[in-house]
Amino acid sequence: MSTQVPKGEEVESTTDEAASSPGKQRRDTAKADRAGQQEKQREAEERAKANEDTVQIKVFRYDPEVEAKQEPRFDEFHVPFEKGMTVLDSLMYARDHYDPSLTFRHSCRQAICGSDAFFINGSQRLGCKTQLSDLDEPVRIEPLPHQDVVKDLVVDMDHFYEQMHAVEPYFDPDELPDGELEEQRQSRANREKIKMSTRCIWCGACMSSCNIAAGDNQYLGPAAINKAYRFAMDEREGEARKQERLEIIEQEHGVWRCQTQFSCTEVCPKDIPLTEHIQELKREAVKSNLKFW
Amino acid sequence: MYEHDVIVVGAGGAGLRAAIAAKNEGADVAIVSKLHPVRSHTGAAEGGINAALREGDSWEDHAYDTMKGSDYLGDAPAIEALCKNSPNEVIQLEHWGMAFSREEDGRVSQRPFGGLSFPRTTYAGAETGHQLLHTMYEQLVKSGVQVYDEWHVLNLAVTDEERPEDRTCHGVVAYDVQTGEVSGFRARNGVILATGGPGQAFDHTTNAVSCTGDGQAMAYRAGVPLEDMEFIQFHPTSLPSTGVLISEGVRGEGGILYNAEGERFMFERGYANNDGELASRDVVSRAELTEVNEGRGIDDEYVHLDMRHLGEERILDRLENILHLAEDFEGVDGLEEPMPVKPGQHYAMGGIETNENGETCVNGLYAAGECACASVHGANRLGGNALPELIVFGKRAGKHAAGAEMEPAKIETGQRGEYETAEIDSPVTLGEPGSFGDADAVADGGTVAEGGSVDETSIVERAVEAERKKVDELLSSDGIHHSEVRSDLQTTMTRHVNVFREEEGLKQALRDIREARDRYEDVAVSDPSRTFNTDLLQTIETRNLLDLAEAITIGALAREEFRGAHWRAEAPERKDDEWLKHTMLSWNDGTPELWYRPVILEGEDKTYEPKTRSY
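Chains as they are written, first to last, in numbering that gives the first Met the number 0: chain A, 0 to 292; chain B, 0 to 614.
A couple of the hints might just be wrong.
Each pair of labels, with its calculated beta carbon distance range [claimed, not checked]:
| id | chain 1 | residue 1 | chain 2 | residue 2 | range |
| --- | --- | --- | --- | --- | --- |
| 1 | A | D155 | B | E502 | 48 to 56 Å |
| 2 | A | D155 | B | T456 | 53 to 61 Å |
| 3 | B | S486 | A | Q260 | 39 to 47 Å |
| 4 | A | Q242 | B | S57 | 54 to 62 Å |
| 5 | A | P71 | B | N87 | 47 to 55 Å |
| 6 | B | N87 | A | A188 | 21 to 29 Å |
| 7 | B | E514 | A | P79 | 55 to 63 Å |
| 8 | B | N87 | A | E279 | 32 to 40 Å |
| 9 | B | E502 | A | E70 | 53 to 61 Å |
| 10 | B | G105 | A | P144 | 58 to 66 Å |
| 11 | B | N292 | A | N216 | 40 to 48 Å |
| 12 | A | A67 | B | E419 | 57 to 65 Å |
Simulated from the structure, these hints should not be mistaken for laboratory data. For every residue, glycine included, the Cβ atom is placed at its ideal position computed from N, Cα and C.
Please take these sequences and the hints and turn them into a complete structure.
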């Protein structure tokens with residue numbers, strides 16, 4: 000699916016698209032500005048190419064609606080390199096200076112909103128948390144595998160959200176303290192036990208890396224199982240609720256599908272020991288079943 | 000057209016809390032948000048949530064600290080509502096399962112924070128916002144509130160009576176990011192804006208790329224005044240290269256600031272002889288920049304924040320996230336070396352004028368959270384007071400919009416009660432930015448219907464038509480790319496409307512904003528696609544930033560005194576005789592009008608007397 004298109008040609012094609020769009024009111028000044036701007040962009044890119052301190056990125060492009068992008072391809076961009084520059088920085092630079100149609104989700108720039116998980120040089124990583132200096136060039140940036148591509152690097156997250164919601168991801172205690180201002184007690188040890196599991200930012204990297212999820216669309220997946228773990232292990236919830244939670248995750252497409260390949264754990268940008276959590280829930284499920292056997 | 004009782008715009012802390020509260024009152028609620036809820040910037044909050052929970056502390060003390068922190072520009076009824084309700088709301092979060100840090104006895108931990116007379120900041124490591132956001136999203140899922148995520152609200156559907164106080168908001172117009180569909184959302188009871196701050200008006204900010212103040216700009220253009228916009232908080236500890244926030248929790252736990260000469264300057268240079276590093280944020284930011292400006296900065300840019308002496312165990316227990324941030328975004332190991340920090344835009348104290356129930360002067364339009372100004376924070380927000388604001392005022396707005404019985408507000412909104420008008424001394428024409436292409440001024444102002452004769456649905460429909468036309472024009476015309484305009488705007492704001500402000504710089508900023516507005520008339524979207532067109536949406540956001548940057552600068556130029564986060568070279572002292580009043584700015588159909596309303600210092604049981612503010 001890689002159709003590498005030289006940058007110069009791509010600028011041409013953008014111009015053609017614009018010229019053919021209907022109902023346009025072309026103002027002379029704006030036109031001149033635009034031509035000037037494209038010229039500037041081209042010069043900037045030329046300068047960047049000539050400069051040794053640039054990074055070459057190859058970005059997956061696809062838009063079902065735009066004729067020139069219906070066939071998936073890779074576009075190359077040469078981005079001036081600065082110390083500390085991340086993959087997300089390079090994408091933003093390319094978008095703002097070379098091609099405004101380059102599309103990707105991003106927001107916080109600090110690895111907490113979970114918007115910018117991409118497939119970077121063959122593995123799932125957050126764009127904002129990945130230093131360009133740590134990567135081999137050209138840096139290849141693709142949308143997360145095993146998810147439908149909406150456009151460029153944007154994938155459809157609906158299925159991921161559905162799986163997250165499927166584990167009843169909300170705290171649900173049997174009872175609460177009587178006093179309005181009285182908190183439930185939680186031991187430091189128990190808080191520590193669930194701490195890593197609460198760090199999930201719903202980026203979807205784990206699900207995308209998982210072979211099982213790729214083959215079984217109904218598999219809950221590492222993130223959703225981790226979410227179930229977060230509640231099942233929380234001592235503030237009651238024993239009955241824990242049993243219900245275990246029933247959800249021990250179903251056919253639940254924890255037993257996991258083949259402990261550790262790919263999810265390897266790619267998790269928040270270092271959550273996902274595979275361990277899944278294994279622990281398997282043990283819990285066995286234990287609770289034994290009670291009834 | 001979609002229809003619900005209550006429409007909440009934005010899905011961060013305030014929006015989620017508002018939606019849950021309205022749902023609990025029995026209303027049919029929907030959230031419309033340009034991001035999926037868990038992507039909201041509330042998740043980036045680190046330090047904590049102030050709540051007077053314990054023996055020895057009281058809501059009165061919290062209110063006193065907050066009023067002092069605000070440099071006596073907060074309104075007492077709003078501050079008291081915050082401080083009285085915060086303990087219940089924090090315990091509510093705990094009852095919803097939030098993973099707070101805990102004491103040995105299993106109770107929620109609290110730590111010291113800047114400007115607080117008691118260690119009352121509850122927290123979850125240095126990732127409190129993340130835990131709060133996810134906990135509330137979980138409860139939202141449980142409650143079954145409908146979420147229209149990745150629907151970008153373009154405008155409000157507001158009637159166009161001459162006085163904003165006579166107008167009514169009947170819904171919003173939103174753009175489905177995935178499909179490009181423009182649709183109306185009719186709100187039978189009310190619209191609640193919970194859209195966050197305008198941090199992207201600056202180029203060195205802790206705020207997310209999505210923090211473009213959309214709700215503030217829409218409300219402003221629909222006639223709701225913006226209040227105290229000049230008060231922008233610059234957080235003293237952001238990483239120099241990216242603006243990523245290093246929590247005040249580091250100083251709360253005992254972290255120390257050093258200049259290039261190795262001096263603990265907060266004490267040694269006399270900036271805050273009592274509280275040192277834990278002085279209020281505005282005080283610490285000014286101290287850091289003074290050090291840098293006087294040649295004692297490191298690389299002439301930043302100072303050092305050292306937490307090594309806290310020891311690995313304590314750091315891992317309470318500040319682990321800080322280690323990751325310093326490592327990932329500055330390449331520094333906080334266990335081995337001090338972290339470079341400098342002031343960065345962090346928070347807008349001002350915003351959409353509301354009363355303590357979240358109501359604006361436009362009927363049926365509410366605002367809560369950072370986008371709103373009740374006013375709790377006045378001239379400077381204390382660390383740990385933003386998150387309680389989200390949950391306390393989010394809930395109040397949600398309840399009120401859903402029709403719950405509530406005490407009538409004491410704070411007045413709109414041009415009612417006591418106020419005075421003022422002239423703006425601007426070197427350039429303000430406002431009237433033209434529009435997208437040739438769109439008419441009415442569509443641009445966000446007001447659509449003539450008189451009150453049109454029914455509510457058609458008011459929303461007409462707003463939808465106006466937005467469709469605007470989107471079509473942006474997509475079909477040719478012009479410059481918005482990113483140039485945005486980047487120039489951010490540069491001038493950070494240069495001239497920063498921690499230290501002076502008249503000539505502020506005037507230059509207004510000139511630059513004027514030029515940016517003029518250039519914006521020639522913007523166009525070059526991506527022709529209706530699918531996930533971020534080029535289009537960012538172009539629209541840039542327009543919002545222009546309006547807000549101008550509002551910030553107008554307020555800053557007019558206020559010739561030093562109060563809280565606002566410092567003026569020409570008048571470096573607080574002038575209570577003249578300036579114990581809120582800056583109000585009305586869009587006035589494209590010709591911004593400046594006016595002032597007195598601060599309310601009368602609380603329920605006492606009046607707060609302005610005192611010299613020292614830490």
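Status of each hint after checking the structure:
1. A/D155 / B/E502: 48 to 56 Å: 52 Å, holds
2. A/D155 / B/T456: 53 to 61 Å: Violated: the Cβ-Cβ distance is about 32 Å, outside 53 to 61 Å.
3. B/S486 / A/Q260: 39 to 47 Å: 44 Å, holds
4. A/Q242 / B/S57: 54 to 62 Å: Because 43 Å falls outside the window, the suggested range is violated.
5. A/P71 / B/N87: 47 to 55 Å: 53 Å, holds
6. B/N87 / A/A188: 21 to 29 Å: The hinted range 21 to 29 Å holds for B/N87 and A/A188, with Cβ atoms some 28 Å apart.
7. B/E514 / A/P79: 55 to 63 Å: Cβ of B/E514 to Cβ of A/P79: about 26 Å, so the range 55 to 63 Å is violated.
8. B/N87 / A/E279: 32 to 40 Å: About 35 Å separates the Cβ atoms of B/N87 and A/E279, which means 32 to 40 Å holds.
9. B/E502 / A/E70: 53 to 61 Å: 57 Å, holds
10. B/G105 / A/P144: 58 to 66 Å: For A/P144 against B/G105, whose Cβ atoms are near 43 Å apart, the range 58 to 66 Å is violated.
11. B/N292 / A/N216: 40 to 48 Å: 60 Å, violated
12. A/A67 / B/E419: 57 to 65 Å: 59 Å, holds
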